[in-house]
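If you count by mature numbering (1 follows the signal peptide of the UniProt record, and there is no 0), then the sequence shown holds residues -23 to -1, 1 to 945, one letter each, in order.
Please keep in mind that the hints were generated in silico from the structure rather than gathered at the bench.
It is possible that part of the hints are untrue.
[Stated by the list, open to error] Each computed DSBU-like pair below joins lysine-lysine, with the alpha-carbon atoms no more than 30 Å apart: (1) 38 with 82; (2) 82 with 53; (3) 917 with 871; (4) 38 with 113; (5) 53 with 38; (6) 871 with 887; (7) 917 with 887.
[As the list claims (entries may be wrong)] Simulated DEER-style distance windows between Cβ atoms: (8) 881 with 18: 56 to 62 Å; (9) 403 with 48: 56 to 62 Å; (10) 110 with 46: 32 to 38 Å.
Every residue gets a Cβ at the ideal spot worked out from N, C-alpha and C, and that includes glycine.
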Amino acid sequence: MSRSASTFQVLLVLATTVAQTQWASVSGMYCNDLTPNVERPHSASITDFGAVGDGTTLNTKAFQNALFYLNSFANKGGAQLFVPAGRWLTGSFSLISHLTLSLDKDAVILGSPDSSDWPVIDALPSYGRGRELPGKRHQSLIFGSNLTDVIITGANSTIDGQGAIWWDWFHNHTLNYTRPPLVELMYSTRVVISNLTFINSPFWNIHPVYCSQVLVQHLTILAPISSPNTDGIDPDSSTNVCIEDCYIRNGDDIVVIKSGWDEYGISFAHPSSNISIRNITGQTRNSAGIAFGSEMSGGISDVRAEGIRIVNSVHGIRIKTAPGRGGYVKNVYVADVNLDNVSIAIRITGNYGEHPDENYNRNALPTISNITIKNIVGVNIGVAGMLQGISGDNFSNICLSNVSLSVRSTNPWNCSLVEGYSNSVSPEICEQLRTGPGPGQVCYDGNSYPAAAAQPQSPQKSSACRLGLLRNFIIPNPPAEPAYMGQRLAVASTSEDQLDQRPATADVDSTWSSYGSTIRSISFPQGVGWSAWLHQSGGSGTTPSSSLLSSCTDGSRPSSSASSWGSGAAGFNAIKANELRLIARRMVRDGHLQVLTREFLGGGNGVLQGWFTELDVDWVLTMTEDMSWRAEQMVVHDRARRWIRAFTTMAHAFLAIRSDLRHAVEGANEQELQLSGFASASISKMMLFVDAVIANVDWTPENLPVALDVYICISDTTASSHDQASSTAQQIVLSIYGATAHHTRRRRLAAAIHRAMRSLSVDYYGDGGSCGAPRGSELHATTRYTMDFVRLLWRNAGLASSVLDDDGSGSVVLLVSDVMRCWEFSLVSASMLLPDATLRCVFLLNNYGAMAEAFPDSGLHDEIGRCMEHYLDAAWAPVLSCLHSAPVWPPSAKLANFTARFWRTYNAQKLWRVPSPALRGRLRRAVAGLVISAYAMYLKEHPLRDKDRVSIMAPEEMEEILNELFEG
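Please put together the full structure from these sequences, using the hints given.
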C-alpha cells in the first residue's frame, strides 16, 4: 500500500465509522440495516497501476486494472482504491462490490471530453429508450451494476464531468446517444456517496436506479444554471434512500424522484419509496427545488422532505405527470421549506406531456393523493400555487397548512381538478382547498412509514443521521448564502402595545406552530452577518480608526461576493428591530412559556423537543457533552444562524417573564424556582452548540465568521441580561448562563477564535501555492480569500484586538500586514506556474488591481505600475523592435515584419481578460500610447510611396483595434 493511501486511511476510517454509526443509531429507521464494512483490510492507490495525475494523461485503463485487481478481495473484507492529489483524466469505469473509492482532498477526477471514452450501453428497461434520444445511452463516468456495499467518498474532493462539450452537442443537436450522468449505480444495495463536490456533469449528477439502502450526504453539486438537464440527485425506482445536508446549484431539478416512463415504467413496475430528504439548500433557474416525476410510472410513495431552502428558482415544490404515465404519487410529506425569489412556490401539473413514443396508453391516468405541504415561508414569490389535475382523474387529499407567502401576483392561486384541505394559508387559497378535513378525513402526517422514526423523540434517542458524515475541507468559493427570509411576516411586526392587549392562553399545541412560523420568518439578510451589523451600527464590533478601514465596505466589494466569508453567520439586523424580543414577550404574555415550564416539571415527555422544534433548533437535542460534532462549512453556517436566532429568543423570553413574576404577590418564589429548572435544562442544551462551534473552528479555521458571530451573540445577550432588574429566577438563570458560558465557554471560544486567526494568516498563506495553480488571468482564489479575511478582521477589529492582546500576539493592524505580505508572496508563487510571461503580468495586474480597488490605501498602486511596465516590455517591446532593427530597405518590408508581429501579439493578448473596467482602460491606454506613438513616429520619419501606403494600417485604425484588448 502506498504511503499516501496509508495516510488517508485514518481519515477514511473516521469518516466512514460515523456513517456506520448513522445507519445503526436511528431507531426503527429503514437505513439502520446498512452497516458497511468501512475498515477495508486491503488498499491500493491508483498510482500503483500507472495512473498519472497531470490532467492530460488518460487513466481509464489504470482505473479498470485497479478495480479488476481489487475485485479479488471482495470475499476477503473488500478493498479501498485511493485517489491521491492530482487531476486524474479518465473515461467511464465500473465499480465493484465491497469497495471504497476514496479521494484525497486535492484529488480531482476529470471526465474525458472525448465521447468515445464513455461507452454506449442499453437503455434502462423502465424507460425503453434513452431519455433524450431513441436507442441507447452513454454510460456514466462512475458506473456500477448489481453491487453490494459501495462507498464513494472524499474530503470535499472534486469529480468534474467537464460537461461543456456535451452541452454544446445538445444545443447543436449533434448528439448520437443520450448524455451520461456523473454517477449511476443500478440494481445495487448499501451505497454511500458522501463528502464530495460534483461539478459540470454532462447530464444528471447522481442517479441511483433500481437500488436500495442508499445514503447520499454532504455533497456540493454545481453546474451553470443555464446548463441543460443537470439534475442534482435523482433516486429512480429505488427504495430506502436518505438524502441529507447538500448544497446544489444547477440547471434543472435539485432533487427529483423518478420511477420509469409511461408504458415501460408501468410494465417494469419498480416504485420509488421510503425516501428521506433533509437539509437541502439549492438554486435552479429553470426547474424545481424538490420534484416528483415526470417519469413516475412505476409509482412514488412514502417520501418525507424537510428543511428545504430554495432561492432564485422557478418552482419550489413540483409534481409533474400527464395522461399516459399511469403510476402514482402518494403519501408525500413536505415541511419546513423556505423560499426566496421563486416564480411558483407550489405546482402540481397534470399536463407534463412528453412521451417516449406513440405506444403509450392514453387512458393510463396517474393517481396523485395524500400530499401534505406544511410550514412553508416564502418571500418575493411570483405565484403562490398552480394545482392542476387531469379531467376524470381529480388529484385528491392535497393538504396545505401553515403556509405564508409574500406574493407579487394579484391572482396568487390557480386550481382546477384538485381536492383537499387547508389551514392557515396566506394568501387565501383557492376554493377547492379552502376547508379543513371533515369527519373521517385526515391529512397525511408523514408518519406511516419507517423514515418517520428518524425524528428524535427525546435527547436520549438522538439520531446521528441528523449530524451527518464528516467533510474535511470547505466548499471552494461557495455562493453567498441566499436571503431565505428577506421580509418579515405581519405577526413578527406586532407592536408592544398590541402584545399587551393579547389574552393569555394555556393551549401549548395551538400556539407552537404559530410561534415556529413567526420565528422562522425573521430575516437573514444576504451578505450581512451579526458581526457586520455591529460594524455598521457602531456596536461592540466597531473598528479602530484606519485609512484602510474606510475602503472596507460592502459597497466597494469586488467580485469576491461569492466567497466563503461574505455573509457572516446570522444576518441579524432584525434583532435590533425588536422582532425576536417581541416574540419572546408574546410567549410570556400568552402564558406559553409558563405552560411549557409546568409541563416540563410535570414530566411531560417531548416538551423540550417541542420547544426546540418551535425555535428551529431541534437538532441541538441530538448533541451530547462528549460529542465531537463536525460538519462542512455550509451546514455550520446555517445552524449557527438558526442557533443565534433561537438563543436570543430564548434568553429574552426568560428575562421577559420577570415582569409577570415581579408583580405576582403569591406563588412568585415557587414560579421562579420552576422557571429555573426549565431554563437550566434549555440553556444547558443550547450551550452544547458553542462546543460544536469551538470544535469546528479548530478543525476548519474557515469557520471563523461563525465563531465570531456566536461569540458576539452570547456576549450581547449577557450584557442585555445585566440591564434587567434582578429577581430570584433571573439570578438563577444568569448564574447558569454566566458560569457556564461567560466564564468557561466564552473563554474557550475566544481562544479558538485566536487560533483560527493565526492559522488563517500564517499556515494558509505560508504554503505559497495552497490555492492551486491559476487558470489564465483570472482573479485567483487566494485574492478573494484575502479580501474577505481582511474585511472580516476590520469589521470585528475591536473583538479581534482584544483576543490578540489577551495573548500578547499584537494588534489587528499587524495581523493584517502579515496577511497581506503572505498573500503577495502566495500570489507571486502562483504566477510562476503560468507558462507565459505576459500572462503572468496580466494575472498579477488583475489580482493587485482587485485588492487595490477593495482597499485603496493598501499601497499596491506602485506595484501595479511596475507590473504594467513589465507587461509592456514582455508583450509589446518585441513588436516595436521590428521598427528599430538594422536598416531594411524599402521601409515597407520592415513594416511588413512589424505588422505580422503586431497581429500575432494582438491575437494572443486579446484572449487575456481584465475584468476591472478601470484597470482595463488604463492598460489599453498604456499599450496604445507605447505602440501607436512609436508606429506614428516611424511613419513620419520613413515616408512611404503611395502604392505602399494603401496596404498598411493607419494609426487611428490601430488604436481602434487595440481598444478590443483584454475582453477575454
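Structure-based check of each hint:
As the CA atoms of residue 38 and residue 82 are separated by approximately 23 Å, the hinted pair is consistent with the 30 Å bound. In summary, the hint linking residue 82 to residue 53 is supported, as the alpha carbons are separated by about 28 Å, within the 30 Å threshold. The straight-line distance between the Cα atoms of residue 917 and residue 871 is roughly 14 Å, inside the 30 Å bound, and the hint therefore holds. Distance hint between residue 38 and residue 113 is fulfilled; the C-alpha atoms sit about 24 Å from each other, no more than 30 Å.
Taken as a hint, the residue 53 and residue 38 pair is honoured in the structure, with Cα atoms around 24 Å apart against an allowance of 30 Å. Restraint check for residue 871 and residue 887: satisfied, since their Cα atoms lie roughly 24 Å apart, inside the 30 Å limit. For a cut-off of 30 Å, the pair hint linking residue 917 to residue 887 stands: about 28 Å separates their Cα positions. For residue 881 and residue 18, the hinted distance range of 56 to 62 Å is satisfied, since their beta carbons lie about 59 Å from each other.
In this structure the supplied range 56 to 62 Å holds for residue 403 paired with residue 48, their Cβ-Cβ distance being about 58 Å. Between residue 110 and residue 46 the CB atoms are about 36 Å apart, so this pair conforms to the stated range of 32 to 38 Å.
Taken one by one, the earlier hints all hold for this structure without exception.
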